[in-house]
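Peer 1: Residue numbers (the UniProt record's numbering): 1 to 295.
What the hints contain is simulated information worked out from the structure, not anything from laboratory work. Treat the hints with care, since some could be wrong.
As the list claims (entries may be wrong) - Beta-carbon label-pair distances, calculated as ranges: (1) A76 / P171: 34 to 40 Å; (2) R250 / R189: 17 to 23 Å; (3) Q34 / D152: 45 to 51 Å; (4) R225 / E24: 34 to 40 Å.
Unchecked claim - Cross-link-like lysine to any residue pairs, in silico, SDA-like; alpha carbons within 20 Å at most: (5) K41 / V60; (6) K41 / P55; (7) K41 / A76; (8) K41 / A66; (9) K41 / V53; (10) K41 / G26; (11) K41 / L6; (12) K41 / R23; (13) K41 / V10; (14) K41 / M80; (15) K41 / D2; (16) K41 / Q29; (17) K41 / S30; (18) K41 / L5; (19) K41 / R72; (20) K41 / A31; (21) K41 / L63; (22) K41 / E24; (23) K41 / R7; (24) K41 / M1; (25) K41 / T56; (26) K41 / G57.
Values in this document were obtained by computation on a predicted structure and should not be read as measured data. Note that CB positions come from ideal geometry on N, CA and C, so glycine has one too.
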Amino acid sequence: MDPHLLRRFVAVAGHGSFSAAARELGYTQSAVSQHIAALEKDLGAVLLQRRPVAPTGVGVRLLEHARPLLLRWDAARADMARLTTAPATRIVLGVAPLAMTAWLSSTLADLRGAQPGLDVTVRVLGRAALTRDVATAAVDLGLVDGMAAPADPLQLPDTGLLTTTALAEEPLAVALPAGHPLADRAGLRLADLADAQWIEAPDTAIPLAPLRTASGSDGYRSSLRYEGTDVRGLTALIAAGHGLALLPQREFDDLPGIRAVPVRTPRLVHRIEALHHEMPDGPAARLAAALVAAS
1 MDPHLLRRFV AVAGHGSFSA AARELGYTQS AVSQHIAALE KDLGAVLLQR RPVAPTGVGV
61 RLLEHARPLL LRWDAARADM ARLTTAPATR IVLGVAPLAM TAWLSSTLAD LRGAQPGLDV
121 TVRVLGRAAL TRDVATAAVD LGLVDGMAAP ADPLQLPDTG LLTTTALAEE PLAVALPAGH
181 PLADRAGLRL ADLADAQWIE APDTAIPLAP LRTASGSDGY RSSLRYEGTD VRGLTALIAA
241 GHGLALLPQR EFDDLPGIRA VPVRTPRLVH RIEALHHEMP DGPAARLAAA LVAAS
């Protein structure tokens, strides 16, 4: 399979439109149609229905392979470029919203004080975008987060030759409106909330799919989906009664209208890890080492 044709297929399937994919890729619509036809001929299967544009059963299966394959392809190119580039005088740090901590701010201040000419960019990204951008070297160092059993590593997508370094673990709590019947509990069993209304906030709270896996329940259905990286926007929705969310307990300090009830069962923590390529000496390597020392 030609990876270039595979990329055209992913674009068309993602947009649900040949014309929209052509605009994104910088080709004519007829050229993209020819590329898809060539890929279908190579594989001996129809990959896309034309009206409306949607992947066939075979196309859906190919997408499951194509997206991680293309990410690995981009990661390999980025890794080769990184190894042949002079040490940087700037650093782009990618941070998941729930990985923004006081020790991160103080460590950045120390790094900038030790290297006054260093150009630092902090980019807050959702989890999927952050993992992708570290793999493709769009950011030099990423701080990713998620839910795990104590001392267990995070389950991250396969993104090539990346290294993770544990930075912190902290308790998880269910965010409830202040007037919720369970708001005064000392602790909660996650399974007792399977039938509650939840907010699906994949980048600013623990996603609901891992809750189902951890509790062995098909519950945890969302009453509202929140897309974005503003944690305070999410907590405002919780306070207004739109649903519950699972967050690190530190996120509830001084928040009006919110109660944080720790999760007692199962034993789960919010985990933060540094995600990076193997780094030569430079700003990103020094920041990673400082974060490990400070956490």
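Peer 1: Each of the hints needs a verdict: does it hold here or not?
Peer 2: Status of the hints after comparison with the structure:
1. A76 / P171: 34 to 40 Å: For A76 and P171 the Cβ distance comes to about 38 Å; the hint holds.
2. R250 / R189: 17 to 23 Å: holds (22 Å)
3. Q34 / D152: 45 to 51 Å: holds (48 Å)
4. R225 / E24: 34 to 40 Å: With a Cβ separation near 24 Å, R225 and E24 fall outside 34 to 40 Å, so the hint is violated.
5. K41 / V60: holds (17 Å)
6. K41 / P55: At roughly 16 Å apart (the allowed maximum being 20 Å), P55 and K41 satisfy the hint.
7. K41 / A76: violated (28 Å)
8. K41 / A66: holds (17 Å)
9. K41 / V53: Distance of about 18 Å is within 20 Å: holds.
10. K41 / G26: With Cα atoms ~23 Å apart, K41 and G26 exceed 20 Å; violated.
11. K41 / L6: Given that 20 Å is the threshold and the Cα spacing comes to 13 Å, the pair holds.
12. K41 / R23: The given pair, whose Cα atoms are some 24 Å apart, is violated under the 20 Å limit.
13. K41 / V10: OK: K41 and V10 at ~16 Å, within 20 Å.
14. K41 / M80: violated (32 Å)
15. K41 / D2: holds (12 Å)
16. K41 / Q29: Within the cut-off at roughly 18 Å; holds.
17. K41 / S30: With a Cα-Cα distance of about 16 Å, the restraint between K41 and S30 holds, given a limit of 20 Å.
18. K41 / L5: Given pair K41, L5 holds - Cα atoms ~11 Å apart, limit 20 Å.
19. K41 / R72: Measuring from Cα to Cα gives roughly 24 Å; hence the hint is violated.
20. K41 / A31: holds (15 Å)
21. K41 / L63: Holds, at about 17 Å.
22. K41 / E24: With Cα atoms ~24 Å apart, K41 and E24 exceed 20 Å; violated.
23. K41 / R7: holds (16 Å)
24. K41 / M1: holds (11 Å)
25. K41 / T56: holds (15 Å)
26. K41 / G57: The hint holds at about 16 Å.
When held up to the earlier numbered hints, the structure conflicts with 4, 7, 10, 12, 14, 19, 22 and fits the remainder.
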